[in-house]
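There are 4 protein chains.
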Amino acid sequence: MKYWFKNDYSFGAHPQIMNAVIAANLQGNIGYGFDEHTQYAKDIIREKCGLPNAMVEFMIGGTQTNVVACSFMLRQWEAVICANSAHINGHEAGAFESTGHKLLQVEVGIDGKLTPELIAPLLEIHKDVHLTKPKLVYISNATETGEVYTKAELMALSKFCKSNNLYLFADGARLGAALTSKSNDLTLSEFASFVDLFYIGGTKNGLMYGEALVIKNVDLCEDFFRMKKQMGAVMAKGWIQGVMFKALFEDDLFYKMASNANEMAEKLQYGLINLGFKPWIKSPTNQLFFIIPNKVKSKLNDICECEDWCVYDNNHMVVRFVTSFKTSESDVDGLIESIKNIVLKSR
Amino acid sequence: MKYWFKNDYSFGAHPQIMNAVIAANLQGNIGYGFDEHTQYAKDIIREKCGLPNAMVEFMIGGTQTNVVACSFMLRQWEAVICANSAHINGHEAGAFESTGHKLLQVEVGIDGKLTPELIAPLLEIHKDVHLTKPKLVYISNATETGEVYTKAELMALSKFCKSNNLYLFADGARLGAALTSKSNDLTLSEFASFVDLFYIGGTKNGLMYGEALVIKNVDLCEDFFRMKKQMGAVMAKGWIQGVMFKALFEDDLFYKMASNANEMAEKLQYGLINLGFKPWIKSPTNQLFFIIPNKVKSKLNDICECEDWCVYDNNHMVVRFVTSFKTSESDVDGLIESIKNIVLKSR
Amino acid sequence: MKYWFKNDYSFGAHPQIMNAVIAANLQGNIGYGFDEHTQYAKDIIREKCGLPNAMVEFMIGGTQTNVVACSFMLRQWEAVICANSAHINGHEAGAFESTGHKLLQVEVGIDGKLTPELIAPLLEIHKDVHLTKPKLVYISNATETGEVYTKAELMALSKFCKSNNLYLFADGARLGAALTSKSNDLTLSEFASFVDLFYIGGTKNGLMYGEALVIKNVDLCEDFFRMKKQMGAVMAKGWIQGVMFKALFEDDLFYKMASNANEMAEKLQYGLINLGFKPWIKSPTNQLFFIIPNKVKSKLNDICECEDWCVYDNNHMVVRFVTSFKTSESDVDGLIESIKNIVLKSR
Amino acid sequence: MKYWFKNDYSFGAHPQIMNAVIAANLQGNIGYGFDEHTQYAKDIIREKCGLPNAMVEFMIGGTQTNVVACSFMLRQWEAVICANSAHINGHEAGAFESTGHKLLQVEVGIDGKLTPELIAPLLEIHKDVHLTKPKLVYISNATETGEVYTKAELMALSKFCKSNNLYLFADGARLGAALTSKSNDLTLSEFASFVDLFYIGGTKNGLMYGEALVIKNVDLCEDFFRMKKQMGAVMAKGWIQGVMFKALFEDDLFYKMASNANEMAEKLQYGLINLGFKPWIKSPTNQLFFIIPNKVKSKLNDICECEDWCVYDNNHMVVRFVTSFKTSESDVDGLIESIKNIVLKSR
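Protein chains in written order, with this note's numbering: chain A, 236 to 582; chain B, 236 to 582; chain C, 236 to 582; chain D, 236 to 582.
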């Protein structure tokens with residue numbers, strides 16, 4: 236049997252989540268998210284975020300949430316600023332552009348982070364009315380390469396966006412991993428205070444599916460449900476999302492699962508460095524990126540599900556290892572031991 | 236406690252479905268529907284449909300499936316023909332038009348059925364190149380008011396579409412109810428043979444969520460996954476859909492659940508007629524539409540979750556009652572008894 | 236040589252318009268409509284409309300103007316209400332829907348007019364959040380069949396729209412014909428006061444091309460140029476539109492040309508009725524619709540360019556005759572004489 | 236009076252073009268481009284291109300043509316590859332993305348040219364089905380900075396596109412300038428043979444407006460008119476475009492006008508270099524880009540309409556000078572003399 240480090244969605248729901256779904260399964264609930272579980276889960280999230288008046292809506296997956304949230308904030312000629320490595324700019328198959336908006340890409344470093352300095356020149360150019368109008372800045376926390384924004388960094392971005400009349404949106408597919416990272420110095424409510432809208436990822440943190448979108452300015456949100464419906468994002472049995480998010484925020488499960496993923500990643504990172512492998516970027520969250528010699532790589536797939544990220548050079552690949560709520564110490568130990576054997580044999 | 240006849244998505248998954256999900260939950264599976272459960276489920280569906288080469292893809296919900304499937308078949312200037320009462324023309328918040336295509340509405344009767352005779356004049360008008368080009372006919376089976384197409388009716392539509400170079404798409408949100416209806420004379424594979432593409436509804440027939448889209452002409456489908464991804468319809472934990480559909484088609488659960496819903500509806504229809512209520516349309520499937528005096532209606536909501544469909548006249552509402560896999564004989568008996576009491580008291 | 240009654244765009248520009256273009260042709264002008272001719276023309280139009288603060292923008296053609304103007308006013312989930320016979324719903328090849336919005340059609344009479352009573356039921360139904368949100372009412376003046384709105388009718392619509400939070404847009408492709416019609420009791424500035432946005436048609440009233448879009452609420456218009464550019468509606472040599480519209484509103488040419496068209500139409504209508512033909516609708520503007528026996532119709536095309544509008548019955552067609560700034564008394568007399576000959580011969 | 240070197244659309248139509256329009260102005264012509272002038276003009280263009288079977292359609296402006304042509308060739312999930320400096324990626328206000336497609340940008344040099352080597356890596360990455368599918372390569376000839384593709388370069392691109400199943404589209408807004416450039420070694424028909432579709436720019440080469448789109452594979456084009464109509468690109472008085480393009484290709488006016496622009500540019504380039512100014516790129520067509528000291532620049536605007544292109548450094552701007560059919564030797568001499576005076580005074 237292989238070790239699973241391919242991603243954080245190879246396993247379904249945490250048992251506590253699954254038990255909550257089973258308990259509500261045959262109960263009878265109003266459709267489309269108008270049920271009591273959902274209302275309760277929204278209230279918990281508002282409370283945890285310190286945003287008693289925010290709109291919270293449960294979405295199905297990350298691509299959908301990014302697309303619905305970003306396009307919801309924009310008029311037709313308005314554009315989104317993002318890192319060239321942003322998820323919305325790549326592995327979403329043009330989903331955002333399919334809503335008719337342009338993505339304005341900023342070249343960033345491996346860490347995937349945007350800064351005011353990187354964005355400013357683009358704003359200058361776009362004063363020209365023959366161009367689209369930048370209106371929203373998209374960031375991810377954790378970023379696509381597992382990095383996290385510090386309080387100082389996020390505060391600076393937030394201030395810059397406000398003073399330039401830009402919305403700040405955070406893709407939180409791995410927000411749990413970010414907030415429980417050793418590099419993090421933000422609470423959920425502090426994080427929430429710096430952005431205009433964001434989502435709390437459930438799919439990659441122990442739910443079967445589901446993301447919680449939070450929009451702070453409720454004046455904008457009057458018709459959000461119609462938009463959500465139009466975008467195919469309303470589930471008939473929406474109450475299942477309510478049940479799962481309720482369970483996610485009870486008993487700190489959200490943080491516990493993300494912490495486990497981070498701790499297992501740290502342990503694995505330590506082990507791989509000890510074996511002599513070089514990290515491509517030293518991630519403080521649950522995605523690790525290592526520069527692996529091709530001759531090791533070719534045998535790695537026999538023992539482990541992991542992901543080719545990109546070509547490093549003629550002799551090396553960057554390989555991604557991802558941990559999750561389900562990853563155990565023995566998984567990590569076993570993987571390290573197995574890789575050790577590959578290395579030994581390949582000498 | 237109230238009786239639940241509001242819709243067929245108030246209850247979650249049939250226990251057999253849920254057990255299958257639990258069994259696979261912590262197994263480790265490849266993401267995005269490339270896992271073995273999903274491949275197996277697709278094979279079963281191809282077999283049951285008698286379409287060994289068809290493309291089968293699992294979608295999340297009905298609105299999404301309608302939008303993705305119909306727009307996938309069209310070039311930008313091509314339009315869809317549907318009944319004015321079609322789901323795609325109403326309770327989908329303009330989802331189809333949001334892809335940039337026009338819906339050409341045909342006025343139909345209460346039964347919601349399209350016929351060649353109803354469509355032909357519209358084709359004549361649209362020979363004019365200043366208009367959109369009709370390219371796909373959208374029908375629902377069962378229709379929005381619970382009616383089913385007979386083999387003769389569907390064959391006639393199919394022939395008409397072929398000879399006019401139109402695709403025929405069937406929204407099968409309630410295909411189980413249609414195929415197990417007493418009015419039905421079609422098998423699944425016969426049904427499949429008459430249309431170009433369709434979906435088998437899971438959400439309204441005992442799954443947590445999920446619809447199985449079937450497209451017969453695989454030459455068109457090379458890039459379907461990219462389209463699906465772009466439309467936010469790919470689930471990271473797609474293997475859960477595979478597991479659910481596998482369980483749905485094992486042990487004839489698909490038919491058993493739908494049959495139960497139909498039988499319970501028939502029993503309820505009989506009971507309501509016996510109490511003196513008049514059906515708006517005499518549905519042979521799991522949705523019933525009754526003309527209810529307002530003074531009965533006002534008390535009905537205390538004992539039963541059901542849905543106001545439309546105003547009939549100043550003194551009557553059309554009320555919809557829906558049964559599901561979960562509806563039991565005692566639910567039906569209890570509801571009839573309770574309505575009887577309302578009627579007695581209201582005299 | 237045939238008589239030209241096919242439409243009001245078979246002839247180019249009125250000589251006064253053409254002379255103005257020639258005068259400015261090699262003058263040197265800033266591009267994209269930022270030149271002085273354009274600014275001056277906008278000022279004249281604002282003055283004539285009694286709207287000193289309105290935004291005026293020159294567009295290229297009618298379909299483009301309808302699509303840009305209507306979609307500019309809407310958020311993604313918002314819809315337009317129009318008559319089923321509206322130009323935007325037919326001979327624009329789905330242009331409006333291609334921007335992602337739904338058209339909500341209201342069945343109207345031959346005159347093509349909308350009323351509060353016809354719209355109200357649709358608003359009631361669309362309180363349901365699973366549907367699109369109606370936000371703009373589209374009317375045409377003159378309508379597609381040549382009718383005009385009276386002051387009382389337009390005032391009622393205006394009041395209804397305001398109280399229901401709906402924008403009122405008027406397609407003015409033939410606004411000149413409407414305002415100079417004998418049935419009209421509105422001045423341009425009264426007309427402008429009742430709608431939120433509208434356009435003054437140039438293409439069908441003596442320009443080579445060009446429509447003047449007027450939006451009253453300039454707070455909405457900050458980014459209109461970016462939208463216009465995105466929709467391909469900005470002309471590099473935009474100053475030509477400015478020159479033409481300046482000439483159109485100097486010396487009352489706008490009214491003179493439209494009046495000529497209406498007078499020639501009236502004369503033709505009188506003549507055709509005298510010959511025993513029955514009008515399908517008795518139009519007070521420059522489009523006439525007559526019920527013509529097929530055996531007359533078959534010979535009509537030899538002497539006259541006119542348009543088949545629709546089939547009336549097995550033996551008759553509805554034929555449209557259109558007059559323009561170019562139509563002369565001798566054209567009308569000649570046509571009537573020729574038709575008289577056809578009739579005599581066909582007895 | 237100022238010298239006009241701001242762009243090639245500050246002057247209207249060449250007198251021969253204007254005279255042709257005047258001659259046809261009150262003639263009576265069928266609408267929407269179905270007239271005889273238009274048919275004749277299409278035939279001439281097919282002949283000049285050596286493409287007897289191609290589709291030729293007259294469009295209004297460059298942005299519109301790029302958007303309609305590119306999106307016409309694509310399915311929803313397919314993307315366009317272009318230089319980061321491409322017109323479609325900048326000064327079109329997101330028009331292409333507004334049709335729902337993604338632009339994949341390739342970083343190129345100042346010359347704005349794409350090569351197979353620059354495109355290949357992007358194709359490799361996009362084999363991943365989670366990404367959009369590249370399907371069309373957009374180039375401009377002349378490029379945005381006035382450079383031209385050689386026969387060898389275009390042949391290589393063409394071969395690469397064919398073997399990778401990509402369409403090759405050429406934006407020919409300044410095709411006349413390219414084909415009459417001293418650096419050019421392509422005839423119009425050779426050029427046409429290397430691309431799948433392209434347009435011949437009229438707006439920037441002596442027409443009032445209008446571009447001629449040519450698509451070689453007519454099997455694709457059956458419904459092009461419906462698409463064109465939907466995109467607001469059909470003009471009611473389309474026959475004016477026919478008349479203008481007929482005149483453009485009679486008497487070699489197309490080449491004569493472009494040659495004049497190029498010769499005047501060459502003369503100006505020579506003069507500016509003689510005055511000691513450095514070209515940013517040494518353009519062989521009618522757009523010149525010079526690095527101008529800010530203190531010269533500040534006085535330049537008093538004597539000449541020209542365009543700030545970009546900041547070169549703290550002390551210099553890149554300024555664009557554009558010539559046209561209208562530019563005369565005395566215009567160039569006068570400008571050089573005037574700049575000389577500025578330079579002398581600023582010492």
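Incorrect hints may have been included.
Because identical chains share one entry, a pair is satisfied inside a single copy or across any pair of copies.
What the hints assert, rightly or not - Straight-line alpha carbon distances no greater than 27 Å define the calculated DSS-like cross-link-like pairs of lysine-lysine that follow:
#1 575 with 561
#2 362 with 532
#3 502 with 241
#4 362 with 241
#5 491 with 362
#6 237 with 575
#7 580 with 394
#8 513 with 580
#9 561 with 386
#10 530 with 491
#11 397 with 386
#12 502 with 237
#13 513 with 397
#14 397 with 534
#15 575 with 517
#16 451 with 532
#17 530 with 362
#18 397 with 491
#19 362 with 575
#20 502 with 362
#21 517 with 451
#22 491 with 532
#23 561 with 417
Hints listed in this document are in silico derivations from the structure and should not be mistaken for laboratory results. From a predicted model like this one, the values you see are computed outputs, not experimental measurements.
Hint by hint, work out which the structure violates, then give me just those numbers in ascending order. Numbers 5, 7, 9, 10, 13, 14, 16, 18, 19, 20, 21 and 22, in rising order.
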